[in-house]
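Enquirer: The residues making up each chain are set out below.
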Amino acid sequence: MSYLSNVLFAIVLIIGFGYFYLNVKKIIRNINLGIDINRKDNAKARWRNMAMIALGQSKMVKRPVAGILHIIVYAGFIIINIELLEIIIDGLFGTHRIFAPIGVVYDILIASFEILAVLVLFSVTVFLIRRNIIKLKRFIHSDLKGWPKGDANYILYFEVTLMTLFLLMNASDLHLQNVPGGFSHFIKAGSFPISQFIAPVFNGLSNELVMLLNEAFWWLHIVGILVFMNYLYFSKHLHILLAFPNTYFANLNPQGQFDNLASVTAEVKLMMDPNADPFAAAPVTENEVPSKFGASDVQDLNWVQLLNAYTCTECGRCTSSCPANQTGKKLSPRKIMMDTRDRLEEVGKNIDANKGVFVPDNKTLLNDYITPEELWACTSCNACVEECPVNISPLSIIMDMRRYLVMEQSAAPMPINAMMTNIENNGAPWQYSQQDRLNWKND
Amino acid sequence: MSENLIVPTMAEMLAQGKQPEVLFWVGCAGSFDDRAKKITKAFVRILNRANVSFAVLGTEESCTGDPAKRAGNEFLFQMQAMMNIEVLNAYEAKKIVTACPHCFNTLKNEYPELGGHYEVVHHTEFLKSLLDSGRLTIEGGQFKGKRIAFHDPCYLGRANNVYEAPRDLIQKLDAELIEMKRSKANGLCCGAGGAQMFKDAEPGNKEINIERTEDALETKPNIIAAGCPFCNTMLTDGVKNKEREDDVKVMDIAELIANAQDL
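Quick mapping for you: the protein sequence lines, in order, are chains D and Z.
Residue numbers for the first sequence follow our numbering, beginning at 126 and rising by one.
Residue numbers for the second sequence follow our numbering, beginning at 44 and rising by one.
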């Protein structure tokens, strides 16, 4: 009988990790649809960023209430997962509290898991209140209509459920540990500062029933964790994993430094070279696709921008600090990231459905998801980049899409065209002659 | 009214076989915009007073290409950049100072990859170095005890982490430096960046410069100090919109220093 449950557990585990593995592969495949850029330089600074920002949560606490509660949930998540190791070993080998013999350390571990579980429950409750009762502006924003709003709440409900099951599992265990003369395999092990107060609810029930409940809690808890892990792929909650690579590969240059398009540099250099032969035919390379300037779809973005899209957890700090959004414009940096991920998922599904090849679907990130009106509202002020707790850059996507609008489609707003014509003709954004540049001296 | 500003050009310097200590990059706003020209002159007066050997490019200067780049026209940007780099390199420019954070950012961060390697400083950093080295001394004068709120230009602050130089200068005036609720890394844009200066805003419920002016007015300032000609325009318009131009002045840091010296 117990042999059967070991096999069942192994199967559950294989399905859980197997499905997760397939989806992780899909994410990596999709991220690699992006253009290659080198973000492997300066490893020292990158490790430091990851340690400070992802592991150390340094940017989270800039908003202290959310930041501190988030650290509790995050610490709880990581530390309580140590317990997972014991659960998996117990499940596979039919043991019970395999680590119990380590004695005092075990007591301390179990006790700290319990305390953290309660802190997590408290924090998650506050998060639910902020989202659904206080209704903070960034959580009821139009970006989150539909699935994203549900997603945010489902994650919190999941956490409540998992923590509750963990405590009930311990409480029923403790109840059976305290049966006079001992009961079954429930040896005295662990210290239960929280669940000792829950254990009395089992008084009056038969030991067999409590044991059954204990097994049910145990199973629901581990299956719940596996389901939650597989939910990540469909959810903004993916940030718990991707925050680490995302901060590692984030831009290290000053925020004001925008990349210089290398394809443009080559052409401009040729134009300015007095020795270049204007009639010489460009060397023709077989199958060479002429480079496209800027981005109209996800494949034109670089892989870090696509990683950014999967990492975004839709907290909305970017949007709440965006000057355009605060003054009622359509632009929302969070929506830029959500749209990019949605489109990337759509392209990924297209590839899956067409045997590994993308079949054009007459849709693009530009226009079908992100409108020029949103793009032109950006002041490039970097507030969104500064705010992002995991160093995502919505601005770089906005800029790449503007480049496409201007260089591929000549679709800039009229006054912008006038400004650019002035720069071309007289070296200033206004209609003043370059010869008058020093007139101020004598004004 | 012509005053005795000494403004040598790089060409004149070269003819005399001289290399100035620093090249003053005036920028388009500083050259042509009526309000910004006053900032340019105030800065030159200080340079003259401190006997700084400087020169401008004059008619050889051209737009850095910043607004074109932020608008998405990488071609035009790189054309401008390479032309400017040719001129700057021909004069063997080493150090550049500018009163425009957009020029500052572009010259400092985006030109090196295209062949333009210079030490680039914002005029507030340069002024602070003049004070620190004792080449310039200032007294509070007319600004003593005045409430001065500093607005961080995005391309100086967040873009390049220069927050302290302008603040140090305000404090040197014996003025009361006041901070808006959103300042430094959290500062709110004036609304002009990203080529917005040259177009109308998209439909919304408010202009960004009004939102920012409200931040500033909340601090009950006598003066709103800026370090960018575009921020200056946006905030001046905002103050006018609020009909507060009689009791609240929008001034550049260079103007504060020059006025304190009665220059």
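If you're looking for bench data, these hints aren't it; they were derived computationally from the structure.
Misleading hints may appear alongside valid ones.
Lysine to aspartate or glutamate pairs mimicking DMTMM-like chemistry, simulated, CA-CA at most 20 Å apart [as the list claims (entries may be wrong)]:
#1 Z:K61 <-> Z:D175
#2 Z:K189 <-> Z:D77
#3 D:K394 <-> Z:E129
#4 Z:K249 <-> D:E498
#5 Z:K80 <-> D:E498
These numbers come from a predicted model, not from an experiment.
Enquirer: Run every hint past the structure and note whether it holds.
Expert: Each hint, compared with the structure:
1. For the proposed pair K61 (chain Z) and D175 (chain Z), the alpha carbon gap of about 26 Å is over 20 Å, so the pair is violated.
2. A distance of roughly 26 Å separates the Cα atoms of K189 (chain Z) and D77 (chain Z); the hinted pair therefore is violated under the 20 Å criterion.
3. Distance hint between K394 (chain D) and E129 (chain Z) is fulfilled; the C-alpha atoms sit about 12 Å from each other, no more than 20 Å.
4. A hinted pair counts as satisfied when its Cα atoms are at most 20 Å apart, and K249 (chain Z) with E498 (chain D) qualifies at roughly 16 Å.
5. A C-alpha spacing of about 33 Å is found between K80 (chain Z) and E498 (chain D), which places the hinted pair above 20 Å, so the restraint is violated.
Checked against the numbered hints given earlier, the structure breaks hints 1, 2 and 5 and satisfies all the rest.
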